[in-house]
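Visitor: Below are the chains, spelled out letter by letter.
Number of protein chains: 10
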Amino acid sequence: MNRSDITDLIIEAKVTKGIRWSDVAEKVGKSKEWTTAACLGQMAFDAPGAQAIMEIFGLPPEAEPWLRTVPYKGSLPTPVPTDPLIYRFYELVSIYGTTFKALIHEEFGDGIMSAIDFRMDLRRDADPNGDRVKIEMSGKFLPYKTY
Amino acid sequence: MNRSDITDLIIEAKVTKGIRWSDVAEKVGKSKEWTTAACLGQMAFDAPGAQAIMEIFGLPPEAEPWLRTVPYKGSLPTPVPTDPLIYRFYELVSIYGTTFKALIHEEFGDGIMSAIDFRMDLRRDADPNGDRVKIEMSGKFLPYKTY
Amino acid sequence: MNRSDITDLIIEAKVTKGIRWSDVAEKVGKSKEWTTAACLGQMAFDAPGAQAIMEIFGLPPEAEPWLRTVPYKGSLPTPVPTDPLIYRFYELVSIYGTTFKALIHEEFGDGIMSAIDFRMDLRRDADPNGDRVKIEMSGKFLPYKTY
Amino acid sequence: MNRSDITDLIIEAKVTKGIRWSDVAEKVGKSKEWTTAACLGQMAFDAPGAQAIMEIFGLPPEAEPWLRTVPYKGSLPTPVPTDPLIYRFYELVSIYGTTFKALIHEEFGDGIMSAIDFRMDLRRDADPNGDRVKIEMSGKFLPYKTY
Amino acid sequence: MNRSDITDLIIEAKVTKGIRWSDVAEKVGKSKEWTTAACLGQMAFDAPGAQAIMEIFGLPPEAEPWLRTVPYKGSLPTPVPTDPLIYRFYELVSIYGTTFKALIHEEFGDGIMSAIDFRMDLRRDADPNGDRVKIEMSGKFLPYKTY
Amino acid sequence: MNRSDITDLIIEAKVTKGIRWSDVAEKVGKSKEWTTAACLGQMAFDAPGAQAIMEIFGLPPEAEPWLRTVPYKGSLPTPVPTDPLIYRFYELVSIYGTTFKALIHEEFGDGIMSAIDFRMDLRRDADPNGDRVKIEMSGKFLPYKTY
Amino acid sequence: MNRSDITDLIIEAKVTKGIRWSDVAEKVGKSKEWTTAACLGQMAFDAPGAQAIMEIFGLPPEAEPWLRTVPYKGSLPTPVPTDPLIYRFYELVSIYGTTFKALIHEEFGDGIMSAIDFRMDLRRDADPNGDRVKIEMSGKFLPYKTY
Amino acid sequence: MNRSDITDLIIEAKVTKGIRWSDVAEKVGKSKEWTTAACLGQMAFDAPGAQAIMEIFGLPPEAEPWLRTVPYKGSLPTPVPTDPLIYRFYELVSIYGTTFKALIHEEFGDGIMSAIDFRMDLRRDADPNGDRVKIEMSGKFLPYKTY
Amino acid sequence: MNRSDITDLIIEAKVTKGIRWSDVAEKVGKSKEWTTAACLGQMAFDAPGAQAIMEIFGLPPEAEPWLRTVPYKGSLPTPVPTDPLIYRFYELVSIYGTTFKALIHEEFGDGIMSAIDFRMDLRRDADPNGDRVKIEMSGKFLPYKTY
Amino acid sequence: MNRSDITDLIIEAKVTKGIRWSDVAEKVGKSKEWTTAACLGQMAFDAPGAQAIMEIFGLPPEAEPWLRTVPYKGSLPTPVPTDPLIYRFYELVSIYGTTFKALIHEEFGDGIMSAIDFRMDLRRDADPNGDRVKIEMSGKFLPYKTY
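Protein sequences appear in the order of chains A, B, C, D, E, F, G, H, I and J. Using the UniProt record's numbering, the letters of the first sequence correspond one by one to residues 1 to 147. Using the UniProt record's numbering, the letters of the second sequence correspond one by one to residues 1 to 147. Using the UniProt record's numbering, the letters of the third sequence correspond one by one to residues 1 to 147. Using the UniProt record's numbering, the letters of the fourth sequence correspond one by one to residues 1 to 147. Using the UniProt record's numbering, the letters of the fifth sequence correspond one by one to residues 1 to 147. Using the UniProt record's numbering, the letters of the sixth sequence correspond one by one to residues 1 to 147. Using the UniProt record's numbering, the letters of the seventh sequence correspond one by one to residues 1 to 147. Using the UniProt record's numbering, the letters of the eighth sequence correspond one by one to residues 1 to 147. Using the UniProt record's numbering, the letters of the ninth sequence correspond one by one to residues 1 to 147. Using the UniProt record's numbering, the letters of the tenth sequence correspond one by one to residues 1 to 147.
Simulated from the structure, these hints should not be mistaken for laboratory data. C-beta atoms are modelled at their ideal positions from N, C-alpha and C, and glycine is treated no differently. Worth double-checking, as some hints may not be accurate.
[Stated by the list, open to error] Facing chain F, according to a computed beta carbon distance under 8 Å, are these residues of chain C, among others:
id: 1; residue: Glu55
id: 2; residue: Thr82
id: 3; residue: Pro84
id: 4; residue: Ser94
[Said to hold, decoys possible] Listed next, the in silico EDC-like pairs over lysine to aspartate or glutamate satisfying Cα-Cα at most 16 Å (straight line):
id: 5; chain 1: A; residue 1: Lys134; chain 2: A; residue 2: Asp121
id: 6; chain 1: H; residue 1: Lys17; chain 2: G; residue 2: Glu106
id: 7; chain 1: A; residue 1: Lys14; chain 2: A; residue 2: Glu62
id: 8; chain 1: G; residue 1: Lys145; chain 2: A; residue 2: Asp46
id: 9; chain 1: A; residue 1: Lys134; chain 2: B; residue 2: Asp121
id: 10; chain 1: H; residue 1: Lys145; chain 2: J; residue 2: Asp117
id: 11; chain 1: J; residue 1: Lys145; chain 2: H; residue 2: Glu62
id: 12; chain 1: B; residue 1: Lys27; chain 2: B; residue 2: Glu12
id: 13; chain 1: J; residue 1: Lys17; chain 2: F; residue 2: Glu26
id: 14; chain 1: H; residue 1: Lys17; chain 2: A; residue 2: Glu55
id: 15; chain 1: F; residue 1: Lys134; chain 2: E; residue 2: Glu136
id: 16; chain 1: D; residue 1: Lys17; chain 2: D; residue 2: Glu55
id: 17; chain 1: H; residue 1: Lys134; chain 2: G; residue 2: Glu107
id: 18; chain 1: A; residue 1: Lys17; chain 2: C; residue 2: Glu62
id: 19; chain 1: A; residue 1: Lys134; chain 2: B; residue 2: Glu106
id: 20; chain 1: D; residue 1: Lys145; chain 2: E; residue 2: Asp46
id: 21; chain 1: E; residue 1: Lys145; chain 2: D; residue 2: Asp46
id: 22; chain 1: D; residue 1: Lys134; chain 2: C; residue 2: Glu107
id: 23; chain 1: I; residue 1: Lys14; chain 2: H; residue 2: Glu26
id: 24; chain 1: C; residue 1: Lys14; chain 2: D; residue 2: Glu106
id: 25; chain 1: I; residue 1: Lys134; chain 2: J; residue 2: Glu106
id: 26; chain 1: G; residue 1: Lys134; chain 2: H; residue 2: Glu136
id: 27; chain 1: D; residue 1: Lys134; chain 2: C; residue 2: Glu64
id: 28; chain 1: A; residue 1: Lys17; chain 2: B; residue 2: Glu106
id: 29; chain 1: J; residue 1: Lys134; chain 2: I; residue 2: Glu107
id: 30; chain 1: A; residue 1: Lys17; chain 2: C; residue 2: Glu64
id: 31; chain 1: C; residue 1: Lys17; chain 2: D; residue 2: Glu106
id: 32; chain 1: B; residue 1: Lys134; chain 2: A; residue 2: Glu62
id: 33; chain 1: G; residue 1: Lys17; chain 2: H; residue 2: Asp117
id: 34; chain 1: I; residue 1: Lys17; chain 2: H; residue 2: Glu62
id: 35; chain 1: I; residue 1: Lys145; chain 2: F; residue 2: Glu64
id: 36; chain 1: C; residue 1: Lys14; chain 2: E; residue 2: Glu62
id: 37; chain 1: D; residue 1: Lys14; chain 2: B; residue 2: Glu106
[Claimed, not checked] Stretch by stretch, here's where chain E covers chain F in the computed footprint (C-beta under 8 Å, at least three residues):
id: 38; stretch: 11–22
id: 39; stretch: 37–50
id: 40; stretch: 58–68
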């Protein structure tokens with residue numbers, strides 16, 4: 001058994017039991033964004049979080065320490081994602097990548113937006129022309145330092 | 001001459017004259033996000049926009065129709081970007097890709113967030129622990145339809 | 001069990017029982033194009049559709065919720081397809097890709113043809129010089145908007 | 001000078017003179033789909049066609065024999081296209097590739113749809129919910145033969 | 001069970017029973033080239049052919065409909081083959097590819113040699129300096145047509 | 001100047017002067033297959049051959065020693081060729097690669113068909129159902145030897 | 001002119017004038033590691049630094065603003081480096097990558113070593129069995145935070 | 001059973017029993033860096049080391065000779081690592097690769113830093129602005145020799 | 001069962017029983033280089049060789065015909081090998097590839113060194129500065145012939 | 001001007017003046033293997049060697065310091081070489097790579113054959129069945145050390 005097997009068990013339980021990510025998040029006491037990423041094998045739970053996941057998804061006992069172990073990260077099977085929903089995010093990086101770079105450097109100087117000290121919030125925005133997906137990302141600016 | 005040559009001229013003028021993207025945007029009358037992407041060869045300007053760009057960057061006359069022509073899009077030289085700032089966005093897609101998918105499907109059903117009917121806003125968020133980059137993305141949800 | 005296992009079961013049942021996609025489509029009440037794509041793991045069924053599929057292919061009970069779950073899409077094992085029939089479509093994109101782009105932009109301006117709000121119809125066209133495959137594709141034009 | 005240089009000259013003339021592909025096609029006396037592909041370096045013109053292109057785009061004399069020479073085909077710089085409009089067609093192959101295969105084999109048996117004895121028609125379909133791109137493809141079915 | 005499993009069974013039976021491809025071909029009543037390709041999972045058998053294969057290789061009953069089903073084609077695990085015998089053919093395409101193109105276009109005009117309406121014959125040519133492999137390929141010329 | 005520049009000059013002269021490969025071959029005194037490959041930068045000419053090429057294509061004096069120098073071989077810009085005519089040959093390797101291997105090993109034992117001690121002949125085969133491209137390849141069998 | 005041209009000018013001046021990186025660093029007032037990376041196009045200089053570089057390497061005036069502009073980073077022409085010296089570092093990542101991960105997580109928990117808030121020192125370590133390259137790297141630990 | 005299976009068993013035992021790499025190293029009597037790499041399948045143990053590992057992780061008897069066998073090395077599933085912690089090291093090679101090369105050649109002349117006669121030490125450096133990961137690498141310089 | 005399974009069995013037996021390749025070679029009556037390559041799945045044994053291998057490694061009866069069957073060759077899991085020992089040979093090809101080419105053409109004219117009619121010998125060369133690996137390769141020169 | 005330009009000049013001079021690598025080596029006073037690799041841009045010359053090269057190939061004065069500078073190594077344009085002569089060496093690594101590894105580990109234990117402390121000798125071996133290319137490689141064995 002490894003973390004990837006546990007992710008499969010979680011997804012299988014979710015599908016067959018009709019569990020919702022937002023309900024899982026509420027029980028775990030974290031945002032739905034972080035919780036879903038963790039359930040999908042990208043983050044490590046703390047002990048109470050792991051306990052909650054064990055119960056919600058009915059996992060076998062040996063799953064518990066794996067949930068608390070830092071996983072090998074990366075959730076996609078190919079460098080360029082084939083799934084259309086995920087590809088659109090890749091496309092944003094391809095089209096707007098140099099724009100992100102230009103505007104962050106203009107505002108902050110040389111450095112990056114952290115993908116580690118990072119949080120995000122994804123929600124529905126009602127719109128008469130068709131509801132919209134709204135995503136707010138917030139990452140700490142980390143400056144390159146000379147030495 | 002092609003659009004890529006013009007992007008080079010724009011960048012060269014920006015660097016040597018110290019032009020700011022936000023000032024360009026103001027003169028063009030669009031957001032700094034859209035305007036920067038357009039200057040970097042990813043969007044087509046309308047006639048007044050192209051005129052403004054011609055003046056700001058001192059471009060040669062033959063550049064004008066190119067600015068109004070839809071470009072071949074994609075701003076990055078490699079499928080996995082090497083620049084650390086841009087890579088962090090790729091990493092977000094890699095780590096959170098399946099989470100984006102899971103949460104959008106949970107909220108909206110099958111479909112995607114449009115990368116075309118899309119807008120974004122990037123700004124500095126003051127924070128005592130270090131200022132943060134804040135990005136708001138808004139894309140129309142497009143449902144898969146059965147037929 | 002995951003969606004990919006179910007697609008294998010569907011294909012195996014189709015081959016061994018000699019089921020026809022067009023018959024499946026009729027029972028599901030959708031076009032043969034959408035239904036086949038859904039059976040091959042690219043679309044999510046609604047409840048009655050899933051029920052019909054369960055019966056036609058004799059699937060085990062745990063397959064039902066998977067059929068209603070949005071799958072990770074992408075039906076090909078390699079970025080450039082090796083199967084000659086599928087490769088010809090890839091070749092059309094390679095040869096006519098810039099033509100699609102040129103003509104759509106000429107007619108509609110900047111934007112794309114949606115692959116989501118999309119439908120198609122594939123049929124035989126009798127022809128004395130050899131029958132032809134006729135494919136009609138219809139995708140909503142989505143304009144890039146400035147902001 | 002090679003065919004690729006001539007394609008660049010054609011595109012440059014088109015952009016700077018505001019020539020429309022459909023007008024070119026009319027003068028050449030072929031469909032706009034074939035004519036555009038030929039102008040973009042994917043097809044060989046016959047002598048009158050080449051003559052028409054020479055005049056429309058004001059090409060230098062040495063361009064004429066190149067226009068009548070069969071080019072090395074393939075219009076895209078990368079195996080997976082980065083341009084969003086063209087990518088949507090690649091996505092259709094990725095999502096519907098196995099469906100094309102299943103339905104053509106069901107209707108015709110083993111073989112392929114020719115990408116050589118092929119024609120297509122691309123037009124605007126007015127639609128109250130947003131106009132649509134309509135593409136009709138017609139390719140001869142070529143059966144695999146045993147021997 | 002899928003077609004790939006059946007190809008494995010065929011190869012295993014061939015190796016352990018010492019069956020020769022040419023004998024198989026004779027019983028199937030087709031050329032050894034077509035028959036071998038079909039046994040290796042690249043072609044679909046008709047009913048009598050499938051029956052013959054079932055008997056020769058002692059396949060289980062569920063294999064029969066698979067043998068009559070059009071397979072997903074492509075027999076090599078990597079885009080550039082590692083096996084030296086097969087690589088030499090890839091090398092011929094690499095070295096002579098542009099020569100094939102030049103000579104076929106000179107003789108026939110724009111078009112291709114079909115890989116579908118195609119047959120070949122492979123045999124030993126006695127030669128005092130070492131016997132030679134002789135391969136005759138015959139593919140229908142398919143002209144590009146203007147439209 | 002390098003060999004690749006000379007290949008460009010040869011192609012340019014061929015296109016603009018309407019030279020035929022078969023005429024070049026006759027003057028060089030070799031087959032059209034070998035001569036074309038050599039003109040396209042894949043083989044080295046002997047002194048009289050180089051002289052003939054110099055005259056036919058009107059090359060500058062510094063080209064002569066390059067024509068007699070063994071080139072870095074490989075005539076295609078991508079590992080998987082995009083040109084449809086050349087791709088069909090790649091497809092033959094993909095579909096029939098394991099068949100070539102199976103039949104050559106059955107006839108000759110372990111070894112390969114040489115791509116060096118190799119010759120080929122490409123010609124038109126008249127056929128009432130459409131003329132065919134006929135290619136005869138002959139390569140020496142080279143056995144693996146134990147030691 | 002772009003940053004890459006300037007890097008070429010710097011390297012050319014270094015080679016032809018025999019300038020040493022450590023001397024450059026001393027004049028710039030930074031470490032030799034940071035200064036070399038900056039000269040090789042990976043970091044942005046401040047105004048006095050750029051001025052020093054202009055003088056040391058005799059750069060043309062238009063180079064100055066480029067030196068102060070954040071470059072598109074990534075110094076290698078291929079994803080897997082071909083140069084043996086640089087490959088050895090890639091090999092360390094390949095062999096010890098999972099070890100870095102295991103030990104950092106054991107000591108610090110989930111997070112990364114920053115490649116931005118990072119400094120390093122490279123020096124010669126005398127050793128009777130052959131002098132050694134000693135590299136000290138120091139990167140801030142950045143913890144993943146739950147939210 | 002192969003070495004990769006044993007690595008899986010070691011990782012599973014570590015996770016479920018909460019074993020620490022530094023404790024393992026102490027019992028094996030080697031550094032934690034070397035020991036962890038060896039446990040993760042990158043180095044061969046000597047007999048006492050293998051014995052210690054067998055006991056610590058409770059491995060089955062057939063694992064012992066595998067632990068003493070030199071493994072096929074390389075610990076990462078993709079050429080460009082997806083895990084953020086490991087990617088940062090790849091990024092250092094990408095950004096600083098040419099700097100490593102420049103400084104080592106300046107100090108030592110042509111040659112490389114050995115990745116074989118190599119050792120390293122990884123530890124926590126307390127820092128009021130956030131603790132740091134400190135890595136010391138020491139590799140023998142190996143000069144290219146003329147001959 | 002296939003040849004790859006048998007290679008796994010051979011390696012497992014070698015590791016657990018401590019068999020040496022040179023002893024295997026002696027029993028097989030061939031060189032250790034050829035014998036090892038054959039055991040690792042790259043060559044076909046004759047009947048007595050296969051019999052010897054069956055006994056030495058205690059293989060199951062169905063392995064015997066597989067050992068005598070020509071395998072699909074290629075022993076490495078990735079195009080650029082990750083194992084440091086094997087990578088050094090790849091590096092030699094990368095660094096010295098054009099040198100091999102230049103010197104062989106200078107000595108022999110156009111052609112190649114056969115990798116089929118090839119043998120090699122690998123041994124230890126005692127050296128006071130550290131023992132050396134000595135490899136002698138001998139491959140028949142195969143000239144390109146004109147035709 | 002950079003090292004790659006100088007390599008081009010050397011090759012051009014060699015071709016047009018008919019210079020032989022073995023004569024160059026004699027004048028430089030090194031082996032023909034090392035000298036050729038250095039001329040092809042893979043090694044750095046010392047001062048007298050650079051002087052000799054300047055004269056032999058008639059290089060411009062600014063070439064001299066480049067010849068003494070350590071180059072960015074790697075002589076091939078693609079990871080898998082297309083040139084048949086060079087590919088055969090790649091094939092040897094692919095077929096015999098695991099054999100090299102097995103035999104070197106059996107004889108020496110864990111470690112590698114150095115590609116840095118390395119020399120080789122390539123010569124013609126007369127043989128009544130066709131002359132052979134003989135290559136002797138000698139590389140220092142470098143053991144992995146525990147620490």
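Visitor: All hints, please: hold or fail.
Guide: So, going through the hints one by one against the coordinates:
For Glu55 of chain C, the suggested interface contact is broken, since its CB lies about 37 Å from the closest CB of chain F, more than 8 Å. Proximity of Thr82 of chain C to chain F holds as hinted, the smallest CB-CB distance being about 5 Å (cut-off 8 Å). Taking 8 Å as the C-beta contact cut-off toward chain F, the hint placing Pro84 of chain C at the interface holds, the least distance being around 6 Å. Among the interface hints, the one on Ser94 of chain C holds; its C-beta lies about 5 Å from the nearest C-beta in chain F, closer than the 8 Å criterion.
Pair hint Lys134 of chain A plus Asp121 of chain A holds up; C-alpha atoms about 8 Å apart against a cutoff of 16 Å. With a C-alpha separation of about 14 Å, the suggested pair Lys17 of chain H and Glu106 of chain G falls inside the 16 Å cut-off, and the hint holds. At most 16 Å may separate the alpha-carbon atoms for a hinted pair to count; Lys14 of chain A and Glu62 of chain A exceed this at roughly 19 Å. A threshold of 16 Å between alpha carbons decides the hint, and for Lys145 of chain G with Asp46 of chain A the separation of about 11 Å falls inside it, so the pair holds.
Of the supplied pair hints, the one linking Lys134 of chain A and Asp121 of chain B holds, its CA atoms being roughly 11 Å apart against a limit of 16 Å. For the hint pairing Lys145 of chain H with Asp117 of chain J, the CA-to-CA distance comes to about 6 Å; that is within 16 Å, so the pair holds. A threshold of 16 Å between alpha carbons decides the hint, and for Lys145 of chain J with Glu62 of chain H the separation of about 25 Å lies outside it, so the pair is violated. Restraint check for Lys27 of chain B and Glu12 of chain B: the C-alpha separation of about 19 Å exceeds 16 Å, so the hint is violated.
Using a Cα cut-off of 16 Å, the hinted pair Lys17 of chain J and Glu26 of chain F is violated, with the two alpha carbons roughly 30 Å apart. Of the supplied pair hints, the one linking Lys17 of chain H and Glu55 of chain A is violated, its CA atoms being roughly 21 Å apart against a limit of 16 Å. At most 16 Å may separate the alpha-carbon atoms for a hinted pair to count; Lys134 of chain F and Glu136 of chain E meet this at roughly 7 Å. A distance of roughly 13 Å separates the Cα atoms of Lys17 of chain D and Glu55 of chain D; the hinted pair therefore holds under the 16 Å criterion.
Annotation: proposed proximity of Lys134 of chain H to Glu107 of chain G holds, straight-line Cα distance about 12 Å (limit 16 Å). A C-alpha spacing of about 10 Å is found between Lys17 of chain A and Glu62 of chain C, which places the hinted pair at or below 16 Å, so the restraint holds. For a cut-off of 16 Å, the pair hint linking Lys134 of chain A to Glu106 of chain B stands: about 14 Å separates their Cα positions. Our distance criterion of 16 Å between C-alpha atoms is met by Lys145 of chain D and Asp46 of chain E, whose separation comes to about 11 Å.
Straight-line distance between C-alpha atoms of Lys145 of chain E and Asp46 of chain D comes to about 11 Å, which keeps the hinted pair within the 16 Å bound. With a CA separation close to 12 Å, the supplied pair Lys134 of chain D and Glu107 of chain C stays within the 16 Å bound. With a C-alpha separation of about 31 Å, the suggested pair Lys14 of chain I and Glu26 of chain H falls outside the 16 Å cut-off, and the hint is violated. A threshold of 16 Å between alpha carbons decides the hint, and for Lys14 of chain C with Glu106 of chain D the separation of about 11 Å falls inside it, so the pair holds.
Restraint check for Lys134 of chain I and Glu106 of chain J: satisfied, since their Cα atoms lie roughly 14 Å apart, inside the 16 Å limit. The hinted pair formed by Lys134 of chain G and Glu136 of chain H meets the criterion: a straight-line CA distance of about 7 Å does not exceed 16 Å. Restraint check: the Cα-Cα separation between Lys134 of chain D and Glu64 of chain C comes to about 35 Å, which exceeds 16 Å; the hinted pair is violated. Proposed proximity of Lys17 of chain A and Glu106 of chain B is supported: the alpha carbons are some 14 Å apart, at most 16 Å.
At roughly 12 Å between alpha-carbon atoms, Lys134 of chain J and Glu107 of chain I fall within 16 Å of each other, so this suggested pair holds. This hinted pair checks out: Lys17 of chain A and Glu64 of chain C have alpha carbons roughly 11 Å apart, not beyond 16 Å. Proposed proximity of Lys17 of chain C and Glu106 of chain D is supported: the alpha carbons are some 14 Å apart, at most 16 Å. As the CA atoms of Lys134 of chain B and Glu62 of chain A are separated by approximately 40 Å, the hinted pair breaks the 16 Å bound.
Proposed proximity of Lys17 of chain G and Asp117 of chain H is contradicted: the alpha carbons are some 35 Å apart, above 16 Å. Simply put, Lys17 of chain I and Glu62 of chain H have alpha-carbon atoms about 10 Å apart, close enough for the 16 Å limit, and the pair holds. Distance restraint check for Lys145 of chain I and Glu64 of chain F: the Cα-Cα separation of roughly 20 Å exceeds the 16 Å cut-off, and the hinted pair is therefore not satisfied. The hinted pair formed by Lys14 of chain C and Glu62 of chain E meets the criterion: a straight-line CA distance of about 12 Å does not exceed 16 Å.
Our distance criterion of 16 Å between C-alpha atoms is broken by Lys14 of chain D and Glu106 of chain B, whose separation comes to about 47 Å. Look at the stretch 11–22 of chain F against chain E: 3 of its residues bring a Cβ nearer than 8 Å to a Cβ of that chain, three or more, so the hint holds. Only when three residues or more bring their CB closer than 8 Å to a CB of chain E does the claim for the stretch 37–50 of chain F stand; here the count is 3, and the claim holds. For a cut-off of 8 Å, the count of residues in the stretch 58–68 of chain F with a CB near a CB of chain E stands at 0, and the three-residue condition is violated.
In summary, the structure is inconsistent with hints 1, 7, 11, 12, 13, 14, 23, 27, 32, 33, 35, 37 and 40 from the numbered list given earlier, while agreeing with the others.
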